[in-house]
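Asker: Mind docking chain B on chain A? Use the hints.
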Amino acid sequence: MQIIDLPIAIQERVSHLLRPILKTGGQHETGHFSTDWGRIEVQLQEWEQHRKTLDDDDLDLPSQATIQLIRDVCLALSQHAVDPPLRLVPNLDGGAAFEWRASPYLWSVEVERDGALESSVFREGRLVSRHRIA
Amino acid sequence: MDQGSEAVEDHETLFRRIPVACGFYDPLLDAKPSPIAFRPTQQDRTGLSIYREKYKSIEQVGCGRAGKKYFVAVLNAGDLRQLGMDVVPRPLENDPGHCEIADLTYANRKGMPYAEWQALLAEKLCIRIEGPYPQDSQ
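These protein sequence lines map, in sequence, to chains A and B. When you number the first sequence by the working numbering, it's gap-free, plus one each residue, and the end is 149. When you number the second sequence by the working numbering, it's gap-free, plus one each residue, and the end is 298.
Next up, chain A with everything else stripped away, as it sits in the complex (with noise of 0.2 Å):
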């Protein structure tokens, strides 16, 4: 896995991040941008206000703190004019994870607790990149 050096805006790192995805065609390719980020808005407003609905065994929540976080993510990479994601899901580890697909591929931004944000494009389930900034 490739290591980037870590810039401190949440934009500057999502840019840091995307570059190689574009580079590789991994981006969701529906040939045009939609603005449909403000569902994913809405979710993270469920997250805040639902705790309990998600909360199930053991799995671990993102935080108040972490959902602003994935709050700033969205704004980065809606700015980037990436379309929004097939779905944001927790990360089971206090983060959480945008997933794309462009079939053959499935791409993944995962938005960990301590801002750490990591790429990973897999075809057909095999992984092809992984880059991290932490």
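Since the hints were derived computationally from the structure, they do not count as laboratory data. Do not rely on the hints blindly, as some may be mistaken.
[To be verified] Within a straight-line C-alpha distance of at most 20 Å, the following computed DMTMM-like cross-link-like pairs (lysine to aspartate or glutamate) qualify:
hint: 1; chain 1: B; residue 1: LYS270; chain 2: A; residue 2: GLU139
hint: 2; chain 1: B; residue 1: LYS228; chain 2: A; residue 2: GLU63
hint: 3; chain 1: B; residue 1: LYS229; chain 2: A; residue 2: GLU61
hint: 4; chain 1: B; residue 1: LYS270; chain 2: A; residue 2: GLU61
hint: 5; chain 1: B; residue 1: LYS228; chain 2: A; residue 2: GLU61
hint: 6; chain 1: B; residue 1: LYS214; chain 2: B; residue 2: GLU172
hint: 7; chain 1: B; residue 1: LYS284; chain 2: A; residue 2: GLU139
[Stated by the list, open to error] Here are some, though not all, of the chain B residues that point toward chain A, as calculated from beta-carbon distances under 10 Å:
hint: 8; residue: SER194
hint: 9; residue: ARG241
hint: 10; residue: LEU243
hint: 11; residue: MET272
These numbers come from a predicted model, not from an experiment. All residues carry an ideal CB built from backbone N, CA and C; glycine is no exception.
Answerer: Same frame as chain A, now just chain B:
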């Protein structure tokens, strides 16, 4: 031999429980689940928990905590082994059908090949997903 301690055979069907509330699977969004549905939690110290059909029905596997709903992913032991994973019996008290994907642990979850295994389970090895359970009539 204790019930459930015999080797898992290649032909066996296995089940993995997926909590509905986390959004790891939504048939209206995508036919495939998120790889994180197969990510170990801190409780998975020796392997990822799955269940053997020979001991537990899919409906029984889908019943977890009270008030919670679950999908159940259907897998085949031989398919997992073909891609390098091993399935080992790990019977629990009152749960002889409990087994594990060996070495897919919380400590290993980000390393290779274990990160890739999670994607393979979601993208290639998941035969189908049923549920959610418990169904309203159950």
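Asker: Taken at face value, is the distance from the CA of GLU172(B) to the CA of LYS214(B) at most 20 Å?
Answerer: Holds, because 8 Å separates the two Cα atoms, which is no more than 20 Å.
Asker: When you check the alpha-carbon spacing of LYS284(B) and GLU139(A), does it fall within 20 Å?
Answerer: holds (7 Å)
Asker: Would the hint on LEU243(B) stand, with a C-beta cut-off of 10 Å toward chain A?
Answerer: holds (8 Å)
Asker: Assess, step by step, whether the Cα of LYS270(B) is no farther than 20 Å from the Cα of GLU61(A), and give holds or violated.
Answerer: Violated: LYS270(B) and GLU61(A) sit about 28 Å apart, past 20 Å.
Asker: Does MET272(B) pass the interface check with chain A, least Cβ-Cβ distance below 10 Å?
Answerer: MET272(B) check passes; min Cβ-Cβ to chain A is 7 Å, inside 10 Å.
Asker: With a cut-off of 10 Å, does the beta carbon of ARG241(B) approach a beta carbon of chain A closely enough for the hint to hold?
Answerer: Since the shortest Cβ distance to chain A is 16 Å, the answer is violated.
Asker: Would the hint linking LYS228(B) and GLU63(A) be met if the CA-CA limit is 20 Å?
Answerer: Holds, because 19 Å separates the two Cα atoms, which is no more than 20 Å.
Asker: Is the hinted pair LYS229(B) and GLU61(A) satisfied, with a Cα-Cα distance of at most 20 Å?
Answerer: Holds, at roughly 18 Å.
Asker: Can you confirm whether the C-alpha distance between LYS270(B) and GLU139(A) stays at or below 20 Å?
Answerer: holds (18 Å)
Asker: For the pair supplied as a hint, LYS228(B) and GLU61(A), is the alpha-carbon distance within the 20 Å limit?
Answerer: holds (17 Å)
Asker: Would the stated hint for SER194(B) survive a check requiring a Cβ distance to chain A of less than 10 Å?
Answerer: holds (5 Å)
Consistency with the previously given hints fails for numbers 4 and 9, ordered from lowest to highest.
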